[in-house]
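> Listed here are the chains, written in short residue letters.
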Amino acid sequence: MSSLRRIFSFDHIIRSLIKLSALITFGALFFIVGYIFIRGIPHLTLDMFALEYTTENVSMLPAIITTLMLVALTLVIATPIGVFTGFYLVEYAKKGNKFVDLIRITTETLSGIPSIVYGLFGMLFFVYRLGFSYSLLAGTLTAAIMVLPLIIRSTEEALMAVDDSLREASFGLGAGKLRTIFRVVLPVAMPGILSGVILSIGRVVGETAALMYTLGTAAKMTDGLFSSGRTLSLHMFVLSNEGLYVNEAYAVGVVLLLIVLAINGLSTYLSNKLRKGE
Amino acid sequence: MSKLSIRNFNLYYDDFHALKDINMEIGEKEITAFIGPSGCGKSSLLKSLNRMNDLVEGCSINGEVLLDGKNIYDKDVDVNTLRKRIGMVFQKPNPFPMSIYDNIAYGPRTHNINNKARLDEIVEKSLRGAAIWDEVKDDLKKNALRLSGGQQQRICIARALAVEPEILLMDEPTSALDPISTSKIESLVQELKDKYTIIIVTHNMQQATRVSDKTAFFLSGEVIEFNDTDTLFSIPKDKRTEDYITGRFG
Ligand SMILES: Nc1ncnc2c1ncn2[C@@H]1O[C@H](COP(=O)(O)OP(=O)(O)O)[C@@H](O)[C@H]1O
Ligand SMILES: [Mg+2]
Chain A
36 MSSLRRIFSF DHIIRSLIKL SALITFGALF FIVGYIFIRG IPHLTLDMFA
86 LEYTTENVSM LPAIITTLML VALTLVIATP IGVFTGFYLV EYAKKGNKFV
136 DLIRITTETL SGIPSIVYGL FGMLFFVYRL GFSYSLLAGT LTAAIMVLPL
186 IIRSTEEALM AVDDSLREAS FGLGAGKLRT IFRVVLPVAM PGILSGVILS
236 IGRVVGETAA LMYTLGTAAK MTDGLFSSGR TLSLHMFVLS NEGLYVNEAY
286 AVGVVLLLIV LAINGLSTYL SNKLRKGE
Chain B
275 MSKLSIRNFN LYYDDFHALK DINMEIGEKE ITAFIGPSGC GKSSLLKSLN
325 RMNDLVEGCS INGEVLLDGK NIYDKDVDVN TLRKRIGMVF QKPNPFPMSI
375 YDNIAYGPRT HNINNKARLD EIVEKSLRGA AIWDEVKDDL KKNALRLSGG
425 QQQRICIARA LAVEPEILLM DEPTSALDPI STSKIESLVQ ELKDKYTIII
475 VTHNMQQATR VSDKTAFFLS GEVIEFNDTD TLFSIPKDKR TEDYITGRFG
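Residue numbers (my numbering), protein chains in the order written: chain A, 36 to 313; chain B, 275 to 524.
Rather than coming from a laboratory, the hints here were simulated on the basis of the structure.
The reader is advised that the hints may include incorrect statements.
Derived CB-CB ranges, DEER-like [stated by the list, open to error]:
| # | chain 1 | residue 1 | chain 2 | residue 2 | range |
| --- | --- | --- | --- | --- | --- |
| 1 | B | E331 | A | T144 | 24 to 30 Å |
| 2 | B | E398 | A | Y304 | 35 to 41 Å |
| 3 | B | G332 | A | T144 | 26 to 32 Å |
| 4 | B | Y347 | A | A297 | 53 to 59 Å |
| 5 | A | E126 | B | K390 | 28 to 34 Å |
| 6 | A | K212 | B | N336 | 21 to 27 Å |
| 7 | B | K416 | A | K212 | 26 to 32 Å |
| 8 | A | D199 | B | S494 | 25 to 31 Å |
| 9 | B | E398 | A | G147 | 42 to 48 Å |
| 10 | B | K390 | A | G166 | 53 to 59 Å |
| 11 | B | Y347 | A | L155 | 53 to 59 Å |
| 12 | B | K390 | A | Y123 | 31 to 37 Å |
| 13 | B | A391 | A | A297 | 43 to 49 Å |
All residues carry an ideal CB built from backbone N, CA and C; glycine is no exception.
One chain only, chain A, in its complex shape:
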C-alpha cells in the first residue's frame, strides 16, 4: 500500500517525466550522431579529400576550403559591426533613445526571420540588383547580415553582465570612458562576446537555405570573391539531393558534425568561463 502510494505520488510522476524527457533528448541525439557515423565513416575515403572535385571522387576538400573562406570573410564583416553596435547600445546610448529602440527592434526582428528569407533577399539584392551573381561575395554579405543580430545580442548581453560597480571604480579613479571600456569592461565581457562569435560560425557552417541562391553550389573551389562555390553543408545537401552519392553525403555529414560539435564545445567552454567571472 505504501509503495503504491509512492509510485503514484505527484513528486514521483514528475521525476519520472523529467527522466523520460532527458532520455528522449539524449537518445535522439545519440541516435542521429550514431546513425550518421555508422553510415558515413565507412565511406570516408582519402578520395573524398582530393584537391580537385570530379564526379568520380566527389571530393569535399574544395567545400571545406570554401567554408573556411566564407566563415572568415563573414566574421571580418559582421564582428566589428556587431560588436561596435553592441557597445554603442550598452555603453554610449542613453536610455529611452528612439534610435536605440529602433536598433533593438530591428535586431530582434532580424533574428526571428527564417534563413530562406535572407537567401531570397540576398539573391534579389546582391546577386541580381548589384550584379554580383552567385559568388563568395554575395554569400558572405548575406551570411553577415544573418549573423549580425546574434553578435549584437551576445555583445549586449556580455556587456550588461559586467557589474556596474567595476565601471564606477574605474571612473572613480579618474579614468575616462574609453579607458574604462577597454581596460575594465572588455576583458570581462570578452568570453561572452567570443561565444557569440563562435555561435555565428556554427550558424554559417550549418547554413544551406540562405547560401544556396547567393553563394551558389559550384563544386569547384571558389577562386575569388566573384566566383561561386559551396560550403560543406551545401555539398552534403547537393550530394544527397542528386541521389547518386547518398553514401558520400553521409561521409560529409560526419565531417560536418565533428566541426559543429567542436564549435559548440568551444562556445560552452567560453560561456562557462564567463559565468565564473574570470
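Given chain A, work out where chain B with the ligands should sit, using these hints.
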C-alpha cells in the same frame, strides 16, 4: 579656509528633490561622518563631491561645491582630474578582476605613470598605507577576487590611495564586512587621517563616534545637524537628532 565648502546645494533625480539646500564646511585632514536613516541622501551627497553623479541619468544639481575655493561644477573643471584629487571607496568591495598589482597600478597608469620602478614603489606604498602589504606582498600576481571580503576592501582603499588623492570619500565601507575586518578598516581610517581629508558614510553610530571628528545627521534630504562628533552625540540640539541617536527614531 575649509578644504570643501558645500553651498546651497540641491540635487534632483528627475522631479524628486533628494538633497535640499545643503550647506557644510569640511576642514582639511578632518574625518567627517554622514549618518542618518537609509534613503536620506548620504550617498547622493557623497557622489556629488567627486561628480560621480554625472553618471546617473536624470540627476541634476544646483548650488556649489568648492574644493580649495574652486567650484567643481564649473565648466572648465576636468572631471578626471577632479576624481584623481577626490578618491572614492564603495560600499561593496569592487576590485577589478585582475591581479592585486594591476588593481593598484590601474589609477597611476591612468594618469600616465608607466615606469616600472615607479609603479612598484607606488604599489608597495599604497598597500602599506592600506595596511594590507604584509598579507599580500608575496602574492601580488594573485587575482584580487580571490581575497577575502575584508582584504578586497583594503585593496580598494589602496587602489584609491595610489593616485594620491587629497580627499577620500567612503560610502559605508564596512557594511559588507565581518567585525574583525571592520575594526581593521576603522583603525586604518584613523591612520589615514594624518594625510587625507576623509568623509565616511555610515549607518553605524558607534562607528561614527569611534572614527570621526565631525558628524552630520541627515534626514529626508536635509542636514538636520552638523557638529563635533562628541557634541552631536552627547548634547544634540535637535529633537530629531536625539531621537535618531538614541534609537527612538521610527
Ligand atoms: N539613481 C537614482 N534615481 C532615482 N532616485 C534615486 C537614485 N539614487 C538614489 N535615489 C533616491 O534618492 C534618495 C536618497 O538616496 P541615497 O543618497 O542613496 O540615500 P542613502 O545613501 O542615505 O541611503 C532615496 O530616496 C533614493 O531612493
Ligand atoms: Mg547609501
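> Should the hint that E331/B and T144/A are 24 to 30 Å apart at their CB atoms be regarded as holding?
With a Cβ separation near 27 Å, E331/B and T144/A satisfy 24 to 30 Å, so the hint holds.
> Lying within 26 to 32 Å: is that true of the beta-carbon distance K416/B to K212/A?
holds (29 Å)
> Could you say whether the range 53 to 59 Å given as a hint is met by the Cβ separation of K390/B and G166/A?
holds (58 Å)
> Quick check on a hinted range of 53 to 59 Å for Y347/B and A297/A, using CB atoms only.
At roughly 56 Å between Cβ atoms, A297/A and Y347/B fall inside 53 to 59 Å, so the hint holds.
> Taking 35 to 41 Å as the hint, is the beta-carbon distance of E398/B and Y304/A inside that range?
Holds - the Cβ-Cβ distance for E398/B and Y304/A, about 38 Å, lies within 35 to 41 Å.
> For Y347/B and L155/A, compare the CB-CB distance with the range 53 to 59 Å and indicate the outcome.
57 Å Cβ-Cβ, so the 53 to 59 Å window holds.
> Could you say whether the range 25 to 31 Å given as a hint is met by the Cβ separation of D199/A and S494/B?
holds (26 Å)
> State, for the Cβ atoms of G332/B and T144/A, whether the hinted interval 26 to 32 Å holds or is violated.
holds (30 Å)
> Indicate whether the distance between the beta carbons of K212/A and N336/B respects the range 21 to 27 Å.
holds (25 Å)
> Are E398/B and G147/A spaced within 42 to 48 Å by their CB atoms?
With a Cβ separation near 56 Å, E398/B and G147/A fall outside 42 to 48 Å, so the hint is violated.
> Honestly, do A391/B and A297/A meet the 43 to 49 Å range at C-beta?
holds (46 Å)
> Please check whether E126/A and K390/B have a Cβ separation lying inside 28 to 34 Å.
Given about 31 Å between the Cβ atoms, the range holds.
Checked against the numbered hints above, the structure breaks only hint 9 and satisfies the rest.
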